[in-house]
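Undergrad: One-letter residues, chain by chain:
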Amino acid sequence: MIGYNFAYLDEQTKRMIRRALLKAVAIPGHQVPFGSREMPLPYGWGTGGIQVTASVLGQQDVLKVIDQGADDTTNAVSIRRFFARTAGVRTTTHTADATVIQTRHRIPETKLRDDQIIVYQVPQPEPLFRLEPSRVETRRMHGLADYGLMHVKLYEDIARYGQISISYDYPVMVNGRYLMSPSPIPSFDNPKMDRMPALQLFGAGREKRIYAIPPWTEVRSLDFEDHPFRPINAPHACGLCGATDAYLDEVVTDDRGGRLFVCSDTDHCAERRAAGHVGAEGMKEAAE
Amino acid sequence: MAYVAVKGGERAIDNAHAWLAEERRGDPALPDLTLPQIREQLGRAVDRAMAEGSLYDPDLGALAVKQAQGDLIEAAFLLRAYRTTLPRFAHSRPIDTAAMQVERRISAVFKDLPGGQILGPTYDYTHRLLDFALAAGDLVPHAPKAHAPQEPMPRVPDILRAEGMMEADAPDDAEPGDLTREPLTFPADRDVRLQALARGDEGFLLGLGYSTQRGYGGSHPFAGEIRMGEAAVEIVPPELGFAIDIGDVVVTECQMVNQFKGSKTVPPQFTRGYGLVFGFSERKAMAMALVDRAMRAEELGEDVTAPAQNVEFVLYHSDNIEATGFVEHLKLPHYVDFQSELQNLRRLRAEVERAAEAEQSPSPVAAEGRGEGAAPPTPHEGAVP
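Here the protein sequences line up with chains A and B, keeping their order.
Note that the numbering used here has the first sequence beginning at -5, numbered continuously upward.
Note that the numbering used here has the second sequence beginning at 4, numbered continuously upward.
These are calculated hints, taken from the structure and not from any lab test.
A few of these clues could be false.
Claimed, not checked - Below, a list of computed lysine-lysine pairs in the DSBU-like style, where the Cα atoms sit at most 35 angstroms apart:
no., chain 1, residue 1, chain 2, residue 2
1, A, K8, B, K334
2, A, K17, B, K334
3, A, K105, B, K334
4, B, K69, B, K334
Predicted model, so just to flag it, every value in this text is computed and none were measured.
Only chain B is shown next, with the shape it has when bound in the complex (with noise of 0.2 angstroms):
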């Protein structure tokens, strides 16, 4: 074989661009997927890339799915690459949650509470049997429909604050840190750990809140609360002076209600772990909550022991573009440290094979006599002709 140096990048990235594209579109023979289509059936893809890709659109979350082919960590990398260019001109007021509207809100502490308990559209007690007569499509199905609660809905937390079982809210009228502009610096305060949670990936957090429950920095959850519905948003333009809505936001949020044992200066209470996500995933936001918890173990004078106690670990961990980018750069070529690493390893070898060599010589006798047991001399596998 004779050696062609490798030409032809070029050519190659745009031929493999095209076979993608072709492969992305598949069956040419059946109709192509609309973005509405997509935002619309595949919600819970477009919301998940929506949450991790920090940028809430639904159309364009429904984009970057297309895209992405389903892939939703790619479909979350779009969103984040095009919102990097995106210009600031507000920043939001804190959204409200507690004046939402509301299409989901349970509470796993009481049975019964102002607001009610709504079930909204949940899998939670639907049997996982796959359904053939949706396979086979055109169903239109109808839910009854009832007036949306008038009652308001208190959070839980505030339930119990009001009789003192549950932690005050620290007040902070700090600017909030933001990642995306400024790298991260520890110790890191719970707006900045919220927030790398809030864009953290799903399955991560997910390993990690479920390793609290098993041992690894338990912290006794209670789902408190989980609601999830459209809450608005508000910003305040200087020209006005006052706040204007400027739409609205679907979000989960979950309120974990943890003991605590109480310290010197603090009575026995309720602490909080607290979770936040664009869209419906209340899976994401359960464990957000207690992995919020967990970190909070050094401020609340808890043994710092589990991974997901130790904010370093998980932040530096938690975000999945950055994982996957760097996991995967690992199929770029290497063939430069690689190839030092070959010529390091025959060096060593050689050294020991010389060391071997210098033991063995001296008296050829006696290493015979050694028996079966000797190893034999190893061979240099390494060796280039």
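Isolated chain A, as found in the complex (with noise of 0.2 angstroms):
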């Protein structure tokens, strides 16, 4: 684009992202410190996994970015066109194809590899925040690996519902000594972050924060030995593809309580059902 540089970021700025995110990788999990800047799409809306995403884009890189696991929806739209029009790159809707991944609230259900980076949309980097506003207070505790407070809201969880009550932004314990927040994917991803091949970034923008997760580490989603972790997903399958293994959306389909539930991950779905996999939606369908 005329006037900017390649992938809007001047390169100081891009260097200052990469230097925050070598720290961050230095130390999983930790969140960075690092001077954001004012972006053309408000805050809230991805400015800081746009600016990591700016930062490690190259020439030859094939981008793709989702909401909510969907490449359609509007605000991955807006985030994909950005990056076609300031850096030129190639983009995709594949997830095999893509060599940067740019998401919000989800990690796609094809597994990464080592050649990959996806990058999150952070709307709140601080895992502790809703038991301790002050990120004074809250730097403290992770400066200390403080995190009896949030053991104890699990186990009042436990005690009270006889579960525990988190169904998103699920905390996980990285690498055995930050605690951090996954971003609020559905804990139903949250074991797809343990040990990922590929590079896993993080950026939070209004809130100024960079974290990350090399592939390979360790992420452990918090809970107790006698109440292991469960992941939630509707108890379905795809109506689309059939598929029992991926997250599912749930669609109101009409006032009398009908239901429909479909893959989550749009690119996911549609590969299944070019594979000839067909769920019973397809099948009611066909029928008719």
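Taking the hints as your guide, dock the two standalone chains into a single complex.
TA: In structure tokens, the structure reads:
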């Protein structure tokens, strides 16, 4: 784009962000403050992820952007266009073809490889913020690995509800040291973070924090021996492709309680259908 | 209804933008607003966009106001997103407001003072009656003119300081912080706090400042001085080694004078809250000065009990570009998280039902015997067919 540098940010800024990324990779799960810039998209809409992506993107990269697992949600479209316009990089919707994947709220169902980078958009990097709003205080708690407050919260959930009541943004322990917010992905996705071959980068623009999980790092969802971590998903199969191991969106089909469950990962679902898998809804339509 | 995967996000966005552009233009039978019109006739709007957008340029401010259809936070956002791409070729020297070309200068603490009181173009003593003559348009008002005051206009805190009644400014030669380059860290020094306030939302600061007057962290303020006018901006290019004037900015400055009881080491004296804002924005400058003083509570050994005194609270929530982005991001899709919350809630409710059934089943007669007061079993509202 005329008048702007490759991928919008100037090289000085990208270098500053890459330095923060290097530090983040060196201290897995630790939140590194960085001089987040004002972006032409609003805070809370992915400015952190966009800055991280802009800093790691090269001309040969192939970018995939998803929001809620889907490539065609409006914000994903908007961010993909932003990079197509400012960096001129190739974009794709196929997980396997992408070298950089920017995501909001999901991890693709297709297993990521060690030559891929996944960039998460993070609204609130501080996993303890609901328990302790002061960031001065939470910084101290991270420094001392003083995470008792979170364990007490999980214990109180069990005492009150018989189970842990967190369904998304489920806190994880990274490399046995730092408590980390996995961003608001459903807890269903948490196990995918553990020992993932791909580099995982997290950008929080408004909160001005970057953190990272290097490839093959241990990521453990917090739990207790007698109350092991249980990811949540709808007990159904995808209505379109029949998948039983993918995270499902619930679609309201009428006002009489009609529901349809479909894969939230649109690329995964489309590939399965292309390969001949058909769900209950697809069979019904074929019969009609 | 057959489910059709939501496609066409790209087309929807393009169409929305086209509609927006049409709506912004309004009735095409009416003349298009020009930037000079906005700059000249909606100056306070341009000022606010420049102040919160952290960019002094009345023409760009007018463009932002026009492009945002008068939504001033959106206008400030446009200016912020533009300024972030600008190269920095120099840092200005501190502007000297004592030497400004004053258009307005009032003091609420001295009836008269060197340089006098100058009301300037203020709404203060207007009666807020809708002016239907203005609606008819075509007015070219003429204000009587006087010679610019020649007498020096010392700033009120300087007058008080000469007598030792006002705290001395702590000399500080350190490079001031810059929130637009470095993330906020705590403890945040006053330079950074003032920068955040100067960029902060007028409404938020107004509410916080007001809260200090109603007992939430009060500091007995007096409007020592408010002045508005043009101040010269100077830079010192390294190749020249001396200061050159690169232009003027209109600013509003407010110096609040506050009581201070003194401490073991400091005799009782007045303390200061400071406000400085681009353009003519007295409300914001005053609110800023109140909040600045409130945030000095810890430094001055006062109890920190109120929101306006909590530096972390104020600084993290004063930026309206951050705030509007995050509040409004709630309209982005959250299908995935909401879905897991739905499943979670169904699981929790199933657990409650199971427990209730287990309680009732051993002795159904006894359960019936509890009478009308017993709650009926919860219907499984969330059940999926």
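Undergrad: Does K334 of chain B sit within 35 angstroms of K105 of chain A, going by the straight-line distance between their CA atoms?
TA: Holds, because 30 angstroms separates the two Cα atoms, which is no more than 35 angstroms.
Undergrad: Between the alpha carbons of K8 of chain A and K334 of chain B, is the straight-line distance 35 angstroms or under?
TA: holds (30 angstroms)
Undergrad: Against the 35 angstroms threshold, does the CA-CA distance of K17 of chain A and K334 of chain B hold or violate the hint?
TA: holds (33 angstroms)
Undergrad: Is the Cα-Cα distance between K69 of chain B and K334 of chain B 35 angstroms or less?
TA: Between K69 of chain B and K334 of chain B the Cα gap is close to 25 angstroms, so the pair holds against 35 angstroms.
Hint violations for this structure: none, all hints satisfied.
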